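Peer 1: Each chain, letter by letter, is given below.
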Amino acid sequence: MTKPDLLPGTLDMLILKTLTRAPLHGYGIALSIKRISQDVLTVEEGSLYPALQRLLLQGWVKAEWKMTETNRRARFYTLTAAGRKQLGAELNQFHQLIAAITRVLQDQDA
Amino acid sequence: MANSLRRLFHKLRFLARREKFDADLAEEMAYHRELKQRDLQEADPALTAKDAHHATNREFGNDLHLRDRSRDVVGFWFETTLQDFRFSLRQLRKNLGFTVTAIIMLALGMAASVAIFSFVDAALLKPLPYRDSSHLVGVFESVAMFKQSNLSIPDYLDWKKRNEVFTDLEIYDRRDLTLSTKNGVEPVHTGRVSDGFFRVLGVTPILGRDFAPGEDLLSAPRTTVLSYAAWQKRYGSSPDVLGQTVTLDGNPHTIIGVLPRDFHFVPAEPAEYWTALHPDGHCDLSRGCHGTYGVARLKDGVTLQQALANVTSIAQQLEHEYPDTNRDQGAFVAPLSEVIAGDLRPILLVLLGGAALLLIIAGVNIASLLLVRAESRRREIAVRGALGASPLRLIRQFVTEGLVVVSAGTVFGLALAYGGMRVLASLIPAEFMARLAFWQNLGFSLRVLAFAGLIALFAAILFSLTPSIRSAAPDMREDLAEGSRGTAGSAWRRVGSKLVVLELATAVVLLVIAGLLGKSLFRLLHVDTGMNPDHIATLMVSSPIATYAKEPQWIALNRLVREKVNALPGVTASGTTSALPVDGWGNTTWFRVLGRPWHGEHNEVTERDVTVNYFNTLGAKLLRGRNFDESEDKSKPAVAIINRSFERVYFPGEDPLAHQLSHLGQTPDPIQIVGIVEDIKEGQLDSQNLPVLYVPFNQNADTAFELAVRTSQDENAILPTLTATIHDIDPQIVAFQGATMTTLINNSVSAYIHRSSAWLVGGFAALALILSVVGLYGVVAYSVSQRTREIGVRMALGAQQSSVYRLILSEAGRLTSIGILIGLVLAIGAAAAMQAVLFGVRSWDIPTLFAVAAVLSAAALLASFVPARRAATVDPVVALRTE
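So the sequence lines, in the order shown, correspond to chains A and B.
Here the first sequence is numbered in the working numbering, starting from 3 and rising by one per residue.
Here the second sequence is numbered in the working numbering, starting from 245 and rising by one per residue.
These aren't lab readings, by the way, just hints derived from the structure by calculation.
Certain hints may be false.
Stated by the list, open to error - With a cut-off of at most 27 Å between alpha-carbon atoms, the simulated BS3-like pairs for lysine-lysine come out as follows: (1) B/Lys255 <-> A/Lys87; (2) B/Lys370 <-> A/Lys36; (3) B/Lys808 <-> B/Lys742; (4) A/Lys36 <-> A/Lys64; (5) B/Lys370 <-> B/Lys543; (6) A/Lys87 <-> A/Lys36; (7) A/Lys64 <-> B/Lys294; (8) B/Lys878 <-> B/Lys794; (9) A/Lys36 <-> B/Lys280; (10) A/Lys19 <-> B/Lys255.
What the hints assert, rightly or not - Restraint ranges, calculated between C-beta atoms of paired labels, are given here: (11) A/Lys87 <-> B/Leu252: 18 to 24 Å; (12) A/Lys87 <-> B/Arg257: 20 to 26 Å; (13) B/Ala299 <-> A/Leu107: 37 to 43 Å; (14) A/Leu107 <-> B/Lys294: 44 to 50 Å.
Predicted model only: the values in this text are computed from it and were never measured.
C-beta atoms are modelled at their ideal positions from N, C-alpha and C, and glycine is treated no differently.
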């Protein structure tokens, strides 16, 4: 079964959205996306960690080492105010894009 | 803005604490992996821990790659470049043989090209030190014998007045005068110019002024302008020099100015003092005596053709107005840059071409080395690819290595070039260097550096591309396999052998050119000069006009000099002439043959005023008639001796001795031809023999003459004695430029040019031969090493040693033959292009071509023999076992 590719640039958006509810560590983010998308979207670790670094660099998330329930150290990512703003902007763009694509597709059908 | 700053800080922090970042990331991913594994096991309890572990790892992917990519996001862009750089250095150090060879070859090729180019640049490309030099032209009269001939002063004045194409026309002349110092007189080189000369060039003195309008008239006070070098050398750059007096040829001149440091005027160099015309004496005022050259500035919008047409029409007008003097005197105009360096252009281009060929060979050699190295790094590259390096990353690696080698090679190359320039400049004889002022301060101009940069760029592209071709399409599985031979060597064999053929061809071209130049030189030096140059010493003598004012004094002095010289021990004969041989065909006169119909034509012929015994001294052969007699002076009938070319041109099928000549005046003055001498090479060695008229010195004397002395002893040893003898007679007489006749011949301009180019190209050719033979050796040796197993199999199956030899040598022979063939064809083409530079040899000179082919074949055979022998002596068992 081939996995559908994520549209380029949407990964950042998905991560930011996932973090709006609560801070998560890397695995948690991947798991959340997988679950909520009902197994359709699987984030490869190879994309996840570079993406997290990118978000860190831009200052849209911040990272902290915290102790988990199993008494292990893990890095938790939190959404920042700038990140929230960025998420809003990206969501806007995404919706516009989808609407435009939909219009084209519907026109063809008609 | 704030965002960029913040990002910068983030990156800097990462830079500072790289290890912590790595450790953190490793820990984070390890935790991620653990969680994943736990989930997998929960989902499928049947899964063993080990399987779960593997599954996780598989899904997780390449750990190192991940970390790399994460790092890439945060790191500065040059961090990976730094990494590449450090890695390159390590790799290059490990393969020191390759690195050093590549750097040396690049340095050599670059040094040769850059050094030669700097000479070419200084002579041909560098702008002249005058204002707007593209508008400056050289202005000449033109006669049948010399297309670029000198002007007479009255003609110059008329051309100046009547022309419509020049904003200004001035004249110049080179003069050897005597300078009076505390210790007596010494010869000095000067330039004699019209008053507006420096203004037409657009040159302003750095001190004082140049000549004012009218300052070149006879009535004006005598003034002089110093060259910068003279100001430094003789006056210690003192600012008080203005107003001081210097005595030139017995006349005091006031110093009025000093010229800029970078000023030079090659056609009149070397000149320490510049004086104004002051036309005086018989030649200056005579329209028929041509002693100066012109330089002019074109008006805006006037082309060279228009200027030529205009001065030609003026010359034609003067022909009508003054038929006695101006008949057949045409005009000629050429850009000043042509006048200055045009003669050198062909030979300089040949040298530059030779250096470029050497560079090509060096580059090809290095490319082959790189290919070989790429082959041997197959496995390393494959492993890196398997570990996750993208082809782009690998190519970047090669580019970095290439850049490191090129940078080192360039630095060494430039250093070598600088040394080479100094050495080459020091090899140029001082008199030539003094005249070719543009080569006096050779350095790295912008153009030269740009040229070196271009070479470095091409080298960098070559170095980076060559191994990248190989790695762009690697077959990983095959390369990783032990003992893989598959495509091994086939890329090398395809490209490498073509490279060697190219090298061999280039070496052939260089060898042929060097051989042809060498043969030209040989032919030149063995040209029949019409004399026996051994055991002849020469000296130039000039007596001051102040104390030797009249003709009887000149004749008496000349006679006295010869008597004293003849009395010296070892001297067998001596004589003087107005100009020694192997110099030029200048100093001409006009004549007509009495008894033939004459309509005013000017027959122009070279004239030499010689004493009795001059021909004996030179060892020239008197063909018919008699020599001059000492008593034959103006009181006796005029006589002359002609040379064989004169007879051939003017008396074909007749007896010259039965004829009389005359100068071109209203009343003919009959000159009896009394003898015919075999042609003496009065002009340059590579020039045609022209008619010469020899007149007795006693019938046409002068203050200056050139002495030739034949001695039975060493002619070098007698030179100081000759000078001393002259000074014994009168210390005020200037005796200078003493040299043996052999030296005059060997250091004549044409001999010098041919000799230096033969040596230089010979050097290039030798290097090229070595490099290409080494290249061939490399190809054959590598091919052998790749085919060791195949050879082992063959021998195990019963092949004889001789068949192995045949196998290897035939491949080498094939490459060599193709290379030589292509090379010979190209060489003939190249030689045809440089025919102007060759003397006495055809461009398709069979012996030379044959010799080059033979030498290269022998060298190639030797080079291939060694690996062939190694192949033939392979132990089949060993070969089959190892790889």
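Peer 1: Against each hint, give a clear statement of whether it holds in the structure.
Peer 2: Hint check results:
1. B/Lys255 <-> A/Lys87: 23 Å, holds
2. B/Lys370 <-> A/Lys36: The given pair, whose Cα atoms are some 73 Å apart, is violated under the 27 Å limit.
3. B/Lys808 <-> B/Lys742: 72 Å, violated
4. A/Lys36 <-> A/Lys64: 22 Å, holds
5. B/Lys370 <-> B/Lys543: 23 Å, holds
6. A/Lys87 <-> A/Lys36: Satisfied, since the Cα-Cα distance of roughly 24 Å is no more than 27 Å.
7. A/Lys64 <-> B/Lys294: 35 Å, violated
8. B/Lys878 <-> B/Lys794: 14 Å, holds
9. A/Lys36 <-> B/Lys280: Given pair A/Lys36, B/Lys280 holds - Cα atoms ~13 Å apart, limit 27 Å.
10. A/Lys19 <-> B/Lys255: Holds - the C-alpha atoms of B/Lys255 and A/Lys19 are around 25 Å apart, at most 27 Å.
11. A/Lys87 <-> B/Leu252: 18 to 24 Å: 21 Å, holds
12. A/Lys87 <-> B/Arg257: 20 to 26 Å: Since the Cβ atoms of A/Lys87 and B/Arg257 sit about 24 Å apart, the hinted range of 20 to 26 Å holds.
13. B/Ala299 <-> A/Leu107: 37 to 43 Å: 39 Å, holds
14. A/Leu107 <-> B/Lys294: 44 to 50 Å: Holds - the Cβ-Cβ distance for A/Leu107 and B/Lys294, about 48 Å, lies within 44 to 50 Å.
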